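Number of protein chains: 2
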Amino acid sequence: MDHLDALRATVGAAQVLTGADALPWETDWRERYRGRALAVVRPGTTDEVAAVVRLCAQAGLPVIPQGGNTGLCGGATPDDSGRAVILSLQRLNRVRGIDTDNDTMEVEAGCVLQSVQQAAREAGRLFPLSLAAEGSCTIGGNLATNAGGTQVLRYGNMRELTLGLEVVTAQGDVWHGLRGLRKDNTGYDLRDLFIGSEGTLGVITAATLKLHPLPVARCTALLALDSIEAGIAMLGRARAGLGASLTGFELMAGNCLQDVVRCFPQQRLPFEGPSADRPWYALLELSDSESEAHARERFEVVVGEAIEAGVVLDAVIAESMAQSHALWHLRESIPLAEKESGKSIKHDVSIPVSRMAEFVLGTNAALQAAFPGIRHVIFGHLGDGNLHYNVARGPDWAEGRLLACQDAVYELVHDRVHAVGGSISAEHGVGQLKRDVLPRYKDPVEMALMHRIKAALDPQGIMNPGKVLAG
Amino acid sequence: MDHLDALRATVGAAQVLTGADALPWETDWRERYRGRALAVVRPGTTDEVAAVVRLCAQAGLPVIPQGGNTGLCGGATPDDSGRAVILSLQRLNRVRGIDTDNDTMEVEAGCVLQSVQQAAREAGRLFPLSLAAEGSCTIGGNLATNAGGTQVLRYGNMRELTLGLEVVTAQGDVWHGLRGLRKDNTGYDLRDLFIGSEGTLGVITAATLKLHPLPVARCTALLALDSIEAGIAMLGRARAGLGASLTGFELMAGNCLQDVVRCFPQQRLPFEGPSADRPWYALLELSDSESEAHARERFEVVVGEAIEAGVVLDAVIAESMAQSHALWHLRESIPLAEKESGKSIKHDVSIPVSRMAEFVLGTNAALQAAFPGIRHVIFGHLGDGNLHYNVARGPDWAEGRLLACQDAVYELVHDRVHAVGGSISAEHGVGQLKRDVLPRYKDPVEMALMHRIKAALDPQGIMNPGKVLAG
Numbered sequence: 001m002d003h004l005d006a007l008r009a010t011v012g013a014a015q016v017l018t019g020a021d022a023l024p025w026e027t028d029w030r031e032r033y034r035g036r037a038l039a040v041v042r043p044g045t046t047d048e049v050a051a052v053v054r055l056c057a058q059a060g061l062p063v064i065p066q067g068g069n070t071g072l073c074g075g076a077t078p079d080d081s082g083r084a085v086i087l088s089l090q091r092l093n094r095v096r097g098i099d100t101d102n103d104t105m106e107v108e109a110g111c112v113l114q115s116v117q118q119a120a121r122e123a124g125r126l127f128p129l130s131l132a133a134e135g136s137c138t139i140g141g142n143l144a145t146n147a148g149g150t151q152v153l154r155y156g157n158m159r160e161l162t163l164g165l166e167v168v169t170a171q172g173d174v175w176h177g178l179r180g181l182r183k184d185n186t187g188y189d190l191r192d193l194f195i196g197s198e199g200t201l202g203v204i205t206a207a208t209l210k211l212h213p214l215p216v217a218r219c220t221a222l223l224a225l226d227s228i229e230a231g232i233a234m235l236g237r238a239r240a241g242l243g244a245s246l247t248g249f250e251l252m253a254g255n256c257l258q259d260v261v262r263c264f265p266q267q268r269l270p271f272e273g274p275s276a277d278r279p280w281y282a283l284l285e286l287s288d289s290e291s292e293a294h295a296r297e298r299f300e301v302v303v304g305e306a307i308e309a310g311v312v313l314d315a316v317i318a319e320s321m322a323q324s325h326a327l328w329h330l331r332e333s334i335p336l337a338e339k340e341s342g343k344s345i346k347h348d349v350s351i352p353v354s355r356m357a358e359f360v361l362g363t364n365a366a367l368q369a370a371f372p373g374i375r376h377v378i379f380g381h382l383g384d385g386n387l388h389y390n391v392a393r394g395p396d397w398a399e400g401r402l403l404a405c406q407d408a409v410y411e412l413v414h415d416r417v418h419a420v421g422g423s424i425s426a427e428h429g430v431g432q433l434k435r436d437v438l439p440r441y442k443d444p445v446e447m448a449l450m451h452r453i454k455a456a457l458d459p460q461g462i463m464n465p466g467k468v469l470a471g
Numbered sequence: 001m002d003h004l005d006a007l008r009a010t011v012g013a014a015q016v017l018t019g020a021d022a023l024p025w026e027t028d029w030r031e032r033y034r035g036r037a038l039a040v041v042r043p044g045t046t047d048e049v050a051a052v053v054r055l056c057a058q059a060g061l062p063v064i065p066q067g068g069n070t071g072l073c074g075g076a077t078p079d080d081s082g083r084a085v086i087l088s089l090q091r092l093n094r095v096r097g098i099d100t101d102n103d104t105m106e107v108e109a110g111c112v113l114q115s116v117q118q119a120a121r122e123a124g125r126l127f128p129l130s131l132a133a134e135g136s137c138t139i140g141g142n143l144a145t146n147a148g149g150t151q152v153l154r155y156g157n158m159r160e161l162t163l164g165l166e167v168v169t170a171q172g173d174v175w176h177g178l179r180g181l182r183k184d185n186t187g188y189d190l191r192d193l194f195i196g197s198e199g200t201l202g203v204i205t206a207a208t209l210k211l212h213p214l215p216v217a218r219c220t221a222l223l224a225l226d227s228i229e230a231g232i233a234m235l236g237r238a239r240a241g242l243g244a245s246l247t248g249f250e251l252m253a254g255n256c257l258q259d260v261v262r263c264f265p266q267q268r269l270p271f272e273g274p275s276a277d278r279p280w281y282a283l284l285e286l287s288d289s290e291s292e293a294h295a296r297e298r299f300e301v302v303v304g305e306a307i308e309a310g311v312v313l314d315a316v317i318a319e320s321m322a323q324s325h326a327l328w329h330l331r332e333s334i335p336l337a338e339k340e341s342g343k344s345i346k347h348d349v350s351i352p353v354s355r356m357a358e359f360v361l362g363t364n365a366a367l368q369a370a371f372p373g374i375r376h377v378i379f380g381h382l383g384d385g386n387l388h389y390n391v392a393r394g395p396d397w398a399e400g401r402l403l404a405c406q407d408a409v410y411e412l413v414h415d416r417v418h419a420v421g422g423s424i425s426a427e428h429g430v431g432q433l434k435r436d437v438l439p440r441y442k443d444p445v446e447m448a449l450m451h452r453i454k455a456a457l458d459p460q461g462i463m464n465p466g467k468v469l470a471g
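Each protein sequence line maps, in turn, to chains W and F.
Heads up: the first sequence begins at 1 in full-length UniProt numbering, then just goes up one per residue.
Heads up: the second sequence begins at 1 in full-length UniProt numbering, then just goes up one per residue.
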């Protein structure tokens, strides 16, 4: 029996796709990476996943786990050898249960993030992970990449939202680790080893997730600032004055918001006069367990004090949910406005908050010196030190010029990130995109430890080869 | 040059203790475990730690990392072969720096927990880890055992409080992983692998810790309850109504508090009549970012609604910090009162909150059936599902009878913990105490993964042998 027949015997012929049928799985959604697989296999149960992995282990076939295929680093795309088996988890999409007394839910890897948020909300709870791809990304992919998003400041990354895992090992065994416990000190933390390992150590098939209370009210404020330092000072004030009610703190360069209102005339900045033309803005979100009135009152106190102290130049506190949404919409429209002006070079980096100003000003200057006229598109989650530090072609640049300097820009920016103790991948992972630059920035001892772990858990090297670590 | 001379040449003769000088390090503080070491070595820098480990690796000598030696499971005590080197981290006790803009601090492993709390407070920040041994335990030990304590409900275990690590590997290399980043998705999570590994994979020499804002006010309430189910219902109400301001939720059996007031007549229950004689009590702590008045008002609303709904029978909300302290003091005195009535058998377990009542009632009944008259001493952190489920000898039992049934009691309780999806070690770790029962309760796939990781990172098996995993 050849490999395809064996796979068909394991999951059913209808769930083994080849040739043209496999094409959508062989490329990432942005079509930056393209590979060729022996087949796409779509198991329906954890036992079927284990059987497929055992079969691949026996045959020495690479296994490429894939969720919603919304990643940004090519982590779920095979190479072009045609030998790999793409293991789609999409059919493992059940919410197995919600335990409101324990504030946990058990979900399969193929559940779409939005459906998990929805199931939690229907049970009167919040599952806080929230990111742009939530309508199609899956929990398995969120776990494999330790996804972040807009609520990390308060609730943490996917790692902090997860209590237990079910994992198929590289040998095709099932680790039943679906514990719903907040305290469990019985040995090595395998859960966090699999989370963020991008499918290179095993296949996550299900997880026990933490739930939080639904906030009673949310309120948003937009602040005009004259510097990054003022943003950092305001972050400190907001943390002290709002405590854990502070659920979002986004920083945006003024030109980003001006691009938004230029591209999308139905949107507008809620400021006039000089406040509409400041170099920086911050968007704050407060989630309150009392009332909308209390949320607004807290904002008024904390923002009012900051204005009096000269930290904030001007501020708008949303008067309604509709106005809150409109303010968030400005922030969420930045990537769309960015796209309107052509391709850009994107950096998903994190920086210690205390070195943010030094990083931005120094890197801006270095880029202008090397590539005069290049445009900066800078926004991000200041509360987490996570910056989307992007650059676009200058107004008078020819179409291809930006692409031509892409590698040099990456290196300049990443070198500066490294110099201030930052990370070259804050929330998107490594995949294929950053695999080869990783050793440039990682401690060699850390690289060696990672290789030891990879060899220990996947000695055959069949799990998502060529991702995170080079062969 | 023999091994002792080589050690003396590495750290200085004064920092190598042998014979009677080494005795205090060769036994744990409760004197349950006793071993014999070749020497106690007290390096003063990370490089000296690395040199000692390299020397031990070359000579094949076991390395036993030790912090404050306050552990409860024998995790820092050598065997009696006389070959092991106890590596005391106590001289690595500097706070290397505090970054208030980034809300982080960098500390060495030998810092005493209380001094870290103090340094954070002096910088206007909170380092929330808090536990009984805080005056002598060290950050290195807290990391090695992933310490918990009373603030986990809001702030998490040591794991959630740590951003970066500096580690000496089993080969004597230094991993410089002291990152102060909240988002960093560049490869495997080595940090969390070393945290909680009890010195069996390497030696943690320093850490970057997360800081939080200091609460403006704290308030405490004591509630009288007629059942565990009522406690769980109240926990849900407190989570929804107080949000992240809820920083403590302790459950105590009525007999525990009655023992406290009997043993320590200067303490008193703030209830009279039937409220002073309820089967269960809950102690709630609220940390507020506004004011004491606001904290009390929130408690009044949430507890008032619970009384109206019949969930809570009676309640006292502290009117002052002194009264808050007095209420906490009742809770903290339970272990002392327990000790007054002789030795007890202690279980540090965690249970899904939703199965807490089933576990307690079922286990109480099974223990009474097997050991008629045995006394239950039950209290713990209900918010984390962490119960100190202890038992003491019955009123008419002879002195030795409890000890005689100790192993049978452990097994009965741990089997029941396992049956409801709990953990046999919530916050104390495994050490020697629970090493041999671990395979009874752990998935064999998980045990095999742990052995693979141990072999990968410490192939010689020199790092704290005989702890967590059997040889």
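No wet-lab data here; the hints were simulated from the structure.
Mixed in with the good hints, there may be bad ones.
Restricting the straight-line Cα-Cα distance to at most 20 Å, the calculated cross-link-like pairs of lysine to any residue (SDA-like) are [stated by the list, open to error]:
#1 F:K210 x W:K346
#2 W:K346 x W:D436
#3 F:K210 x W:R159
#4 W:K442 x F:D189
#5 W:K442 x F:Y410
#6 F:K442 x W:H176
#7 W:K210 x F:S354
#8 F:K210 x W:R237
#9 F:K343 x F:G394
#10 F:K343 x F:G124
Some chain F residues well away from chain W (every beta-carbon gap over 10 Å; in silico) [said to hold, decoys possible]:
#11 Q15
#12 R159
#13 D443
Remember, predicted model here, so these are calculated numbers, not experimental data.
By construction, the Cβ of each residue, glycine as well, lies at the ideal position given by its N, Cα and C atoms.
Each hint tested on the structure:
1. For the proposed pair K210 of chain F and K346 of chain W, the alpha carbon gap of about 28 Å is over 20 Å, so the pair is violated.
2. Proximity of K346 of chain W to D436 of chain W is assessed by CA-CA distance (about 17 Å); at most 20 Å being required, the pair is judged to hold.
3. Restraint check: the Cα-Cα separation between K210 of chain F and R159 of chain W comes to about 16 Å, which is no more than 20 Å; the hinted pair holds.
4. This hinted pair checks out: K442 of chain W and D189 of chain F have alpha carbons roughly 13 Å apart, not beyond 20 Å.
5. With a CA separation close to 45 Å, the supplied pair K442 of chain W and Y410 of chain F exceeds the 20 Å bound.
6. A threshold of 20 Å between alpha carbons decides the hint, and for K442 of chain F with H176 of chain W the separation of about 9 Å falls inside it, so the pair holds.
7. Proposed proximity of K210 of chain W and S354 of chain F is supported: the alpha carbons are some 14 Å apart, at most 20 Å.
8. A threshold of 20 Å between alpha carbons decides the hint, and for K210 of chain F with R237 of chain W the separation of about 17 Å falls inside it, so the pair holds.
9. Restraint check for K343 of chain F and G394 of chain F: satisfied, since their Cα atoms lie roughly 12 Å apart, inside the 20 Å limit.
10. Our distance criterion of 20 Å between C-alpha atoms is broken by K343 of chain F and G124 of chain F, whose separation comes to about 41 Å.
11. The Cβ of Q15 of chain F sits about 25 Å from the closest Cβ of chain W, beyond the 10 Å cut-off, so the non-interface label holds.
12. Taking the minimum C-beta to C-beta distance to chain W, about 7 Å, the non-interface status of R159 of chain F is violated against the 10 Å cut.
13. Not every C-beta of chain W lies more than 10 Å from that of D443 of chain F, the closest at about 5 Å, which undercuts listing it as non-interface.
The structure is inconsistent with the numbered hints 1, 5, 10, 12, 13, although it conforms to all the rest.
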